[in-house]
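A.B. asks: Line by line, the protein sequences are chains H and Z. By this note's numbering, the letter at position 166 of the first sequence is numbered 578, and the numbering carries on one by one without gaps. By this note's numbering, the letter at position 50 of the second sequence is numbered 462, and the numbering carries on one by one without gaps.
Relax, there's no trap hidden among the hints.
Here are the simulated DSS-like cross-link-like pairs (lysine-lysine), alpha carbons at most 27 Å apart as the crow flies:
#1 Z:Lys456 with H:Lys499
#2 Z:Lys482 with H:Lys492
#3 Z:Lys632 with H:Lys499
#4 Z:Lys492 with H:Lys456
Looking from chain H toward chain Z, a few residues come up when the C-beta cut is under 10 Å (computed):
#5 Gly455
#6 Asp463
#7 Glu509
#8 Trp511
#9 Gly538
#10 Asp559
Just so you know, the hints here were simulated from the structure itself, not pulled from any lab data. We put the beta carbon where it would ideally sit given N, CA and C, even for glycine.
Number of protein chains: 2
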Amino acid sequence: MCQLLGMNCNVPTDICFSFTGFQARGGITDHHTDGWGITFFEGKGVRQFLDPKPSAHSPVADFIRTYPIKSTNVIAHIRKATQGDTKLENTHPFVREMWGRYWSFAHNGDLKNFEPAFDGRYRPVGNTDSEKAFCFILQELQKTFGDEAPSMEALGNKLHELTLALATFGVFNFLLSNGEFMLAHCSTKLASIIRKAPFNVAQLKDQDVKIDFSAVTTNKDQVAVIATNPLTDNEVWSIHEPGTLLLFSEGAVVTQYKTVPGPITNCISNA
Amino acid sequence: MCQLLGMNCNVPTDICFSFTGFQARGGITDHHTDGWGITFFEGKGVRQFLDPKPSAHSPVADFIRTYPIKSTNVIAHIRKATQGDTKLENTHPFVREMWGRYWSFAHNGDLKNFEPAFDGRYRPVGNTDSEKAFCFILQELQKTFGDEAPSMEALGNKLHELTLALATFGVFNFLLSNGEFMLAHCSTKLASIIRKAPFNVAQLKDQDVKIDFSAVTTNKDQVAVIATNPLTDNEVWSIHEPGTLLLFSEGAVVTQYKTVPGPITNCISNA
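Work out the full structure, taking the sequences as your base and the hints as a guide.
C.D. replies: Take a look at the structure:
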C-alpha cells in the first residue's frame, strides 16, 4: 500500500513541515520506497513534482521540503507498488484537465480486477489500478454533467456514488482535488486535523522537528491536513471510520458521506 | 516574445549544460522574465517543472540546472508575456494526455484574434493564445484520427496542415512532443544543432561554462538541441529559414516541411 498526504486551506500555505515528516516514510521510518509525488494548486494552475526514487533519498523531495510553495490544495503520495512497475508514468499524483481546470488524484489501496471501458476521453498512460480509477471517475463525471462544471453539491453527490461503486473492487483510500475542494476517502485508513486559532506548537512523529504555528499564521487561517497516519504526536487528530468520504473546502469539512451501507448517506457538518 | 529550448536524443541525456545557458536568458542575459518551465519525458511518463518567477532567479531553475534528469525528449520555455497574465496556469510548457500518452507544447510568438471553438475534449485552463493553440491542435488530431494513434508519417502530415492554418494568425514558433518525437516550427526564429561522434568541447554564450561532450557520451549517442538562438559560440548551429517545420526522432531530423507557400511541402532529409 501507499501513504497519502493532503492539505486544504483558506489561505495559501506551505506544506514544508508536514512534508518533512511524510518524506521520512518513504524509506526511513516506513518502507514505501517505490516513488513519490506532490501536486500544488496555485490559483487555476498546478505544479507537479514526481520522482520514481524513494522520497527519503530523492533530491527532488529534499528540494520540496526546504522550498516553501504556498498553495490552498496539495496532494502528496509515497508509493508501495501493488499494481504497475516503479516507473515515472505510474507515480502518483496523476493530473488531467476537465472543464478548464486541472484535477489531481492519488490512491492508497488496491482495486482487484478493475478493468473499466474507456471511451477515449481520459485514458491511463501507465498501468496502475489507481490511474484507471482516476480516468474512470473523470469520464463518468464528464458523461453525467457534460461540458459544464456542476455545483460542488452535485459534484459531491456524484463522486459519492462513484466512490461507492469503485470501493467494491477493493481498498480505495484516495485524495482528489480540482484546486477548489479536496475530497478524501477513508476506505481503510485515513486521519485528519484542522488547525485554526489559537495555533500551537506541533511536533512531528517521524523526525525530530517542531514548529510554532502561532508565529507563522494569522487568526483567520484555517488549514486541514489529511494523512494516512497522523504526522504529529502532540495534537489530536481525527481518525476516520472506514467508509467515510469527506469534502473539504477552505480548510473545513463541508460535507461528509458514508460509503458503507447504512441509513445515513449524506450529512452536513461544520468542523 | 519568449525563448524555446528543446532536446531530442536516441539515448536518455541530461540537459544541464544547455539549460545553464538558457536559464540566464530569463533575467540576466535577456529579459524574458515572466516565468519559465520545463518538461522531461522519461519513457511514457513526464515530469514538468513550472515557475512563474524569472528563470534567472528561480530556485526551481537552480535545482534543474544542477540535478541531471536523463530524458530523450525535453521542452523548456522562458516567457515574455504577450497574452495572459504572469500566472502559473499561463506558464509553458503545457501538458495534456491523448491516446494514452502525454503531450507537451511550448510556444514563442503571438497569435492575433485566435478564438477557436472547443468541443470540450481539450480546454485551456489559462488565457494564453499558446494554450489555445495546443488544445486546438490536440482536438483536431483527435477529430482526424479518432481514438487510436496514427503512424508518425500521418501525424506529421496532419500537424503540418495544422501549423499552416495556425501560422496565419501570427508568429508561431513552437515545440511539441509526445515523448517519441519532437516537432519544431520556425515561424520567425529557430536554430538547432545535432551533436554526434566525434564529440567536442562546447562553450556557452550566456555563461562562462564549457563541457567536453566526448567525456560524457558514447559513439552511438546522437542529440539534437533546438533553441530560439544558438546556445554555444564555438559550434556550427543550423539557423532555420522562417517557414520550416522539422520532425526530430532519435536525435535526427526525419522529415522537414515547408510552412510558407511554395512548391516543396514535404521533403525527407537525413541530417
